[in-house]
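Asks: Residues per chain are reported as follows:
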Amino acid sequence: MTPTGPDAPLPVALRAEALEQLLTERGLIDPKVMNGIITNYESNVGPLNGAKVVARAWTDPEYRRRLLDDGTAAIKELGFSGTQGEHIVVVENTATTHNVVVCTLCSCYPWPVLGLPPSWYKDPAYRSRVVAQPRTVLSEMGLDLADDVRIIVRDSTSEVRWLVLPERPAGTEHLSEAELASLVTRDAMVGVAKVEAP
Amino acid sequence: MTAPLEIEGPAAPPRSNGELVFAEPWESRAFGMAVALYEAGAFTWPQFRSELIARIAAWEISGAADEPYNYYRLWLAALEEVLAGLCAVSTDEVTTRARALAGRPEGHDHRH
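Protein chains in written order, with my numbering: chain F, 1 to 198; chain B, 1 to 112.
Certain hints may be false.
Stated by the list, open to error - Listed below are several chain B residues computed to face chain F (Cβ distance under 7 Å; list not exhaustive):
| # | residue |
| --- | --- |
| 1 | TRP26 |
| 2 | ARG29 |
| 3 | VAL35 |
| 4 | ILE53 |
| 5 | GLU60 |
| 6 | LEU76 |
| 7 | THR91 |
| 8 | VAL94 |
Worth flagging that the hints you see were computed from the coordinates, not collected in a lab. C-beta atoms are modelled at their ideal positions from N, C-alpha and C, and glycine is treated no differently.
Chain F extracted, bound-state conformation (with noise of 0.2 Å):
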């Protein structure tokens, strides 16, 4: 590859536009409804439906066994399915579990509980080594886990995605089903940190 003249490779950028162009001229894609879906998934669709989906967990024991046994049914009850939304399997953290996701092949996420995926997530390194040192890689991120907790690494596939209900933190008692939402991250859900209480 010489780095200029007209062999030279284009910016992807480009390519992203040329491809978008013929596809329109096909009638294979139509923009508006092409920006629909980007809109969608960047404001929309986020890690705020698996708050959700954890809030009602914690809240409603019922719902909690229901969503532990049959996640995919149990999300689906609060609205949220779709595009790789598909067999989702949730697994409880405890005081003596912890269950940390990764996607060793890709990337495969929940997306409509989970929005897109971090770009750490996506990166080869934590896809890499959260299998082989997850208490050290998990440390890096900020979350030490005492010696005695077991630490179970959940590997995505097309199959199954994972969603790690997190520990419901001490304190929060008092606190409604929309405000505890509002303390569930997107880390906590994949399993990379911790709720804490406000």
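With chain F's structure known, arrange chain B on it following the hints.
Replies: Same frame as chain F, but now just chain B:
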């Protein structure tokens, strides 16, 4: 197929709980194209996903000496591959069009 829009007013997702999803605008376009085509039934998600996995694996094996890891660059390449396989848009057509776009007059493209 996209997730429902329902989100209450005061509950507009807290940005501290969100993230900068796309580093550059073209990344969101690449994302949107793939999802739009998938939702329109142009290809199945496993078709696209396997191409993406292949690209990521190839990048990891190559040692990536000549370019840093960029998820959406590989995503776009996978999308181009799937579309070429469907005879929808060829790689050469994309290259030709991109070169034409590169030749736009000064000021048209501020991305440099």
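Asks: Give a verdict on every hint.
Replies: Hint check:
no., hint, verdict
1, TRP26, "holds, 4 Å"
2, ARG29, "holds, 5 Å"
3, VAL35, "holds, 5 Å"
4, ILE53, "holds, 5 Å"
5, GLU60, "holds, 6 Å"
6, LEU76, "holds, 6 Å"
7, THR91, "violated, 9 Å"
8, VAL94, "holds, 5 Å"
Going down the numbered hints, you'll see the structure goes against just number 7.
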